[in-house]
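Visitor: As a plain string of letters, each chain reads:
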Amino acid sequence: MEIYLILKVVWWLLLGVLLMGLAVMVGMDMGVGTILRYVGRTDLERRVALNIIGPHWDGNQVWFILGGGAVFAAFPLIYATAFSGFYVVMLLLLWSMIVRPLGFEYRSKMPSARWRNVWDWSLFISGFLPMLVFGAAIGNILQGVPFHFSWNLTSYYTGSFLALFNPFAILCGVLSVALSSMMGALTVMNGAEDAMFQRARKLVMVAAAVAVVLFALGGVWVHAIDGFQLVSGPSGNLAQTPMQQTVTQASGAWFGNYSAHPALWLVPLVGFAGVIGAALAARAGRSHLGWWSGALGWIGVIGTVGAAMFPFMMPSSSEPSQSLTLWNATSSQLTLTWMVGFTVVFVPLVVWYTSWAFYVMRGKVKPEHVAADEHAY
Amino acid sequence: MMIDSTVVELSRWQFAATALYHFLFVPLTLGLSFLLAAMETIYVTTGRKIYKDMAQFWGKLFLINFAIGVATGLTMEFEFGTNWSFYSSFVGDIFGAPLAIEGLMAFFMESTFVGIMVFGWDRLKRGQHLAVTYLVAVGSNLSALWILIANSFMQTPQGASFNPHTMRMELSSFTDLIFSHDAQAKFVHTSIAGYVTAAIFVCGVSAFYMLRKRHTELARRSFRVAAIFGILATLGVITLGDALGFVGGQAQPTKLAAMEALWKTEQGPMPFNVVAFPSQKDQTNHGELQIPYALSLLVTHSVDGSVPGVDQLEAMAKQRIRNGIPAVQALQTLSKNPEDQTALATFRQHQDDLGYGFLVQGYQHDLSKVTDADVDAAAKATIPPVAPVFWAFRTMVAFGFAMLAFFILAVVFTLRNNVERRRWFLKIAPWMIPVPFIANEAGWLVAELGRQPWTVYGVLPTWMSASTHSVTYMVFSLAGFVLIYSAFIAVEMFLMVRAIRRGPDDHGDHKPSPALTTANAEA
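If you read the sequences in order, they're chains L and H. Following my numbering, the residues of the first sequence are numbered contiguously, the last one being 377. Following my numbering, the residues of the second sequence are numbered contiguously, the last one being 1523.
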């Protein structure tokens, strides 16, 4: 039994699950922030929107924190290389994200319109920017990132900050913003009524249309960029460093896995079907169905990238043979084993009590309740 | 390829500043969550509504503090990767696990239930809501447990070994990692310090109300709950602080020498320096005020125990540096040829001192050219900056005993039911609020500055751990943090003071608050 190899694949899959959880759960809250000023025209309407996600945004945000923690624990080299390489972008992401908790908690603490306006804009930035960076980071990783290692695996990033904002990365970023706005709008539909419900409904359809077009366009574009191929390297069951393999680049190489295993085409299909289904459900006014369909769409989109890149996780454009793969960037067997144990016990527990929290807070948020309840945001 | 030492310095300043800032808010969250649970427990068991009002009023202050704690905690998770990337890849196999488990086990619990705690008052039965409040408190304290387990690996690394095939430290025993004595003592010491912080905060604010004769019923009861909670917690902090000194003294002798400004090793019984003016350059104290026997008693828990001073520690460090050089050289050979058995054997022989080999590389990158002067300089650097550690430690201890005195009086007065007539005491109490915060920060300084020059004690030197950024990047990020964090604290203090001044009256079911009526009018 090649236990280490299996553990590496399991952790690659678990990271995928975490990224999907992050995209769906954090993405919807950030989407609400992005569309806040459009769906909510008055202060009270905006408070309704904020109170729909009010009881849950903090719990949802842990998907992001856990995503970071899991990369650190299971793929330390990727955590180190990506976070330091994308330094300025990471700081912009961080700074926009740390404003968000304050936006929720502090916005409605003062009656002043100017105060609330400032926080509304902060919530917009802290919804829009992180999702843009999230997508753009995936866009850059697909193209390869200029980094290399010294003898003791110190990582050196040799690219510029502005190079991260290339057209393909921006396309991926906007796709991610569109998907998160769509989920945000569906969430508003779930919790609001009347005019807000209608505005959100319109938004779902626009955002879904944008997402479908960009996802298709991105697929065509990926054909043209140079993908990466693992030519040779140590067996996946061995402990190894990124210094022991040979990697080449070729146009269209990211489609190699799809050609080898045509069943994988189901994954992008789920992406398209989920997003289109979300739009249709929203049109029919069935927002809960739309939410689940949209979540499935997100899962399909992220899964599409994962299926294309396997076994690559962060390819190097300047030293392709030092690319990070799931074979050479994972933690030791012992660490992966313990972490699987904790995941098996705690993730179901988390899903269970998160569902309970949503169940407790189910139903529409009424403007008159928001106005009267002083616990409300 | 060397990392610019300015970049390392700036990375250290940035991490220290953001961690100290984050640590302003965390202890209050840790303690106040349990105080809320205590108040709500009284409400649920006695059914007296005043305790619900209390839980809700302090809950409001809790949330103002909680939001900024959550926000600044994100920074900490980012910074290991953004600014300490070599550290992260070198020990991520060990250090990452408790961080991920923290998210999985603690953050999810705390963050999911805090939303229900705030929004669920009318949707849950009393008992259910009480359970939710307890889960928030347990969750936040569990997160402290896991982060301190991670921190303890930096202080007293155990349960790990270096793997030359992957060029990093790897986990060798998960149980050794999580059951480290340092982690246990530190968790209890730190989380209870949080309870003390919250107790002083509640006492101080309540005293302010009693002094103004506002909300006296709520203030008197809050004061009593907090005073009793506080005295128990303070006794716990001091006991565990002693245990921590005992554990740390054995595992981190250089930190201990710095804490006590102990330059020369002497035969026990050794005196304790109450006051001293340490000079790192001359390796001596200019003026000392000592208590005989006290150091041996405190550190070795025996009358005539001996404690190693700087002179002995430096001599030992020199030995380990010379021993560590071949270990690094063998690794360099292995990086080119992983099958080289001679290099592997040399490495195995010297691997315990690998970190010291890395340390001297900060002075002479080419290890074949290391001189005696380089070894001396590196050995001197194994002693952390003595004066700041010495004084931070004394500040923490002095403030700890000041708080103990405060709580003794508070408990006596509140049990005799005459605290409202002790106006001098009520006047002092609000001024006690900064004391635990300063003590917490001083404690952080002792622990983390006392760990220098290592990120992982004896294993990985700080200079190697930093990311390879340019000075420009570091200036940019540091400036950004200063700007954003200054704005944050201004807003937080403003809202906190405002909420305290308004008091609990706009809370509860009595009457609609002015804030909300204006908000409605605007909408």
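Hints listed in this document are in silico derivations from the structure and should not be mistaken for laboratory results. We put the beta carbon where it would ideally sit given N, CA and C, even for glycine. Do not rely on the hints blindly, as some may be mistaken.
What the hints assert, rightly or not - Have a look at the derived ranges for each label pair, beta carbon to beta carbon:
id : chain 1 : residue 1 : chain 2 : residue 2 : range
1  : H       : Pro-1434  : L       : Ile-276   : 50 to 60 Å
2  : L       : Trp-352   : H       : Ser-1279  : 54 to 64 Å
3  : H       : Phe-1494  : L       : Ala-273   : 43 to 53 Å
Visitor: Each hint: holds or not?
Guide: Hints and how they fare:
1. H:Pro-1434 - L:Ile-276: 50 to 60 Å: Once the Cβ atoms are compared, 58 Å apart, the range 50 to 60 Å for Ile-276 of chain L and Pro-1434 of chain H holds.
2. L:Trp-352 - H:Ser-1279: 54 to 64 Å: Since the Cβ atoms of Trp-352 of chain L and Ser-1279 of chain H sit about 60 Å apart, the hinted range of 54 to 64 Å holds.
3. H:Phe-1494 - L:Ala-273: 43 to 53 Å: Holds - the Cβ-Cβ distance for Phe-1494 of chain H and Ala-273 of chain L, about 50 Å, lies within 43 to 53 Å.
Violated hints: none; the structure is consistent with every hint.
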